[in-house]
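Asks: This is what each chain is made of:
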Amino acid sequence: MTAAVSERLSSGRRGVPLIDGIDKVTGRARYTADLDHADALVGRIFRSPVSHGEIIRLDVSKARALEGVFAVITGDDCPHTYGVLPVAMNEYPLARERVRYRGEPIAALAAVDAETAQRALDLIECELRELPAYYSSADARAAGATLLHDNKPGNIEREVHHLFGDVAAGFAQADLVQEHRIICAEVNHAQIEPHAALAEYDPAQGRLTMQSVTQVGYYLQLMLARCLDLDLSRIRIIKPFVGGGFGARVEVLNFEIITALLARAAAGKVMMQLTREENFLTHRARPQTDVTLKLGMRRNGQITACACEVVQRGGAYAGYGIVTILYAGALLQGIYDIPAIKFDGYRIYANLPPCGAMRGHGSVDVRHAFECVLDRMAREFGLDPFAVRRVNLLRAPTRTMNDLVVNSYGLSECLDQVEQASRWRERIGKLPRGKGLGMACSHYVSGAAKPIHWTGEPHAVVNLKVDFDGGITAFTGAADIGQGSSTMIAIVVSETLGVLLDRVRVVAGDSAITPKDNGAYSSRITFMVGNAAIDAAKGLKAILIEAAARKLEAKPEDIECIGEQFQVGRGGQVILPFAEVAKAALVDVGSITVKGTFTCPPEAQGGRHKGGAVGSTMGFSYAAQVVEVTVDEATGAINVDRVWTALDCGHAINPLAVEGQIQGSVWMGMGQALSEETRYLNGLPAHANLLDYRVPTIMESPPIEVYIVESHDPNGPFGAKEASEGALAGFPPALVNAVANAIGIDFDELPLTPDRVMQAFVERRRRARAAVPQRKAS
Amino acid sequence: MVGRPQNAFALQDYRGRERAMAQTQVEPRKRLLRLNLNGRWREDAVAENQLLVDYLREVAGLTGSKIGCDGGECGACTVLADSQPVPSCITLAVRCEGRSIETIEGLAVQGRLQRLQRAFHERLGTQCGFCTPGMIMAAEALLRRNSRPSEEDIRTALSGNICRCTGYVKIIESVQAATEPPP
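Top to bottom, those sequences are chains L and U.
Each residue of the first sequence is one higher than the one before, starting from 1 at the first, in this note's numbering.
Each residue of the second sequence is one higher than the one before, starting from 1001 at the first, in this note's numbering.
Please keep in mind that the hints were generated in silico from the structure rather than gathered at the bench.
Every value quoted in this text rests on a predicted model; they were computed, and no experiment measured them.
Please note that a few of the clues may not be correct.
To be verified - Calculated from the model, a selection of chain L residues having no Cβ within reach of chain U, i.e. all distances over 12 angstroms:
| no. | residue |
| --- | --- |
| 1 | T81 |
| 2 | T275 |
| 3 | R433 |
| 4 | D467 |
| 5 | Q483 |
| 6 | V594 |
| 7 | E603 |
| 8 | P702 |
Said to hold, decoys possible - Distance condition first, Cα-Cα at most 25 angstroms in a straight line; then the derived SDA-like pairs of lysine to any residue:
| no. | chain 1 | residue 1 | chain 2 | residue 2 |
| --- | --- | --- | --- | --- |
| 9 | L | K538 | L | T473 |
| 10 | U | K1030 | L | V112 |
| 11 | L | K610 | L | E457 |
| 12 | L | K450 | L | T81 |
| 13 | L | K269 | U | G1061 |
| 14 | L | K269 | U | E1058 |
| 15 | L | K294 | L | M89 |
| 16 | U | K1030 | L | K435 |
| 17 | L | K595 | L | A584 |
| 18 | U | K1030 | L | V160 |
| 19 | L | K62 | U | D1082 |
| 20 | L | K595 | L | G636 |
| 21 | L | K610 | L | L163 |
| 22 | L | K610 | L | G456 |
| 23 | L | K294 | L | A760 |
| 24 | L | K269 | U | D1054 |
| 25 | L | K269 | U | D1082 |
| 26 | L | K541 | L | G563 |
| 27 | L | K583 | L | G471 |
| 28 | L | K465 | L | Q567 |
| 29 | U | K1030 | U | G1111 |
| 30 | L | K435 | L | V112 |
| 31 | U | K1030 | L | A40 |
| 32 | L | K435 | U | E1152 |
| 33 | L | K538 | L | Q565 |
| 34 | U | K1030 | L | D39 |
| 35 | L | K465 | L | G571 |
| 36 | L | K516 | L | P601 |
| 37 | L | K269 | U | Q1050 |
| 38 | L | K450 | L | L222 |
| 39 | L | K269 | L | Q567 |
| 40 | L | K610 | L | H37 |
Don't be surprised by glycine CBs; every beta carbon is placed ideally from N, CA and C.
Sequences are here, hints too, so could you generate the full structure?
Replies: Rendered as structure tokens:
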């Protein structure tokens, strides 16, 4: 399949601004903390001061007795576990009997104001018996280590062993076999909006209304019903504007359940706003990951076999862990043609805040290792980094060994684009000292083809309403968290119906109004909700054409709809404007609501092997990028001068938003590659603010040139696939490869902070001195 | 081990301000504050320890200025005080006596987007939008003192504002677009 390269935005289709953009630039957009909460109580959480311990005594009586305190709750108030995976819910909203990480919620309270709440927190008495705590995967796995969870021997949450093809034969056929151990630090989403929730419980009606920063309101509704023993229908979830997510808010978070429990206990309204420090304690981000990768390669660059061991330090609870470790193995496939793959994955419990899903879920650190090792081995054969990747390309359509379908594949065009744009061939190897070029490829799913809760429902539902006013409203449960998903829905509806964009209004994320949606995760919205929106719009269009035909006394098949005008054939005598057709359609039936759905067929839902559903998707995005760096040998500082990125998103429904998503994801990869790293001192986060946790500022951020490649996926909405995650994983390896090109040092650890770079220079000088024999005095 | 009654794990001053206020057990004194907010003079009785951002959000009801960190780290709360950008989360309200304070809500004139707002909207200088009010106010301060800033000038002026969505590329383009004379 050949992919068309779309015009650059500056010359071609521009796309449209976000339909909620004006609210954002005027300050009118209301995020959770901005909601009216003048009459709400202030919620606060009492957290564990130790990393691992038994709760011997917890006395909240003094806090409860303080004037102005309306509710104090502990683990006794919620006997139910919660979690994102039905098979691995091993966490309580408030600890019961035992705490497993420093900062774990133990008690919570609601008071009239922040000062009273703080005074009450200080009155809580908690006695703990400390247990041995482990802060590294190795320590947690060591023989004789105390178990965090009694049913998990070796503190291993999940082991995965997958074998596809004949790995031994593959290595035997190789001209070169190399094995490298590559370590990636834990990082955090650091979305700029801190977590917040506003819960209102009405005891008279037994109803709970919850407004929160969620990416998946559906999960939140499920978990609140479970933890509060409420009927699902008694709960309403509303998603206000959300200030970024990046995976942080896919799982239901402890503070959300705590806020709801407090609202019920206080019989009223509770506002909970977490500090930035508490955001880091809530965590759920990308784990510290050790990748041991062994590749076999023929002299021409062809990969013959791959063996990969991944150890993820998952933190104290299960969370998303099983899925994360499965993704690490599954997405070794679907990008290159590799005949034999062995994967051994270990998800480890440690006494640290639980990890979870983060942009590029599970795939980023493994892709990083893979692309670094590929470059190192190609170098041994004198192969160009582009050449070694071209030798290993897939041919679409195809099915991978682990049963992932690849229907569209624009990676080859992505490579061509960034090679030309960066003038790679003219410049590689000819840059001055300290400057280097590096490249890498990556891919990601356009939505998990198998949802976590397999209920038999479609993967997505969109309702379209047209009424007497001629306005069209799309109702969706899909959470717009800044990525522009509501704008995408408006565009596909308006294009399918042939109406102006501003005729379409999108109402999203209110469980009382909008249909259930599986939410904003795994880049599923464009593919799944986009297709459902097209389905609904087609249904509505058929109704409108029928109505126009009745009014024009013609057959429906003779009705032409151009723009917002309906007529019989081209150049018809009578032209009906849209509003008139809408009114005609309402005769006898009244307000019209049309439902559209989308379902991933079973053959796209992955293999039969254990964990085979993870990684399955209807379409993969593909990306290639070139990074140019300057390394300062005096300070060890790495400057990223420029980035060229090409991404195959199938079709850019909104090129402006696609470009923004690609730039944002590449840049987030840069943070992980250069400066972002969580660190703990005996379980205490040493970085729990935005100064010590080094998100790149505008000073370090390079120009990022984007090239959109359109491979027109046969199943995507207008051929579209995802554009928000696929490019991230390519940045760290492209950077490490560029640094190797600049200074001749291969780095095995992320991030490449100046101290790591300086240390490498020191070691190289020491080795050079050791290698040169001392001249004897003559 | 006996856990200390407060959250003893804090390396940073965890909710330090609130604790300090709570532990003093004395009501902070209030003072009459007179300032010009988005072009209108107003007077309010405010606690001497009230932060400007809390005054704006809770007293004046202007929630456009955001709180993204625990104090002075992210720039989401940036407002203008006499045309100078200040982080309102580490500025006491009472220090603004007699001054002119401008927030994102004051930029649009009669509902029409101001040049920076229009540029950020049209060029996708905003994605999730949470850093946007602070980012636009910091850029506005720059454009008031330098109508033709270089890219370096823009980077320097916005270096205290963190955005997690855009990679800053379209933010720089937006500010540049706002400096161009209208066609």
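Asks: Run through the hints listed earlier and report the numbers of any the structure violates, in increasing order.
Replies: 2, 5, 8, 15, 16, 18, 19, 20, 25, 29, 30, 35, 39, 40
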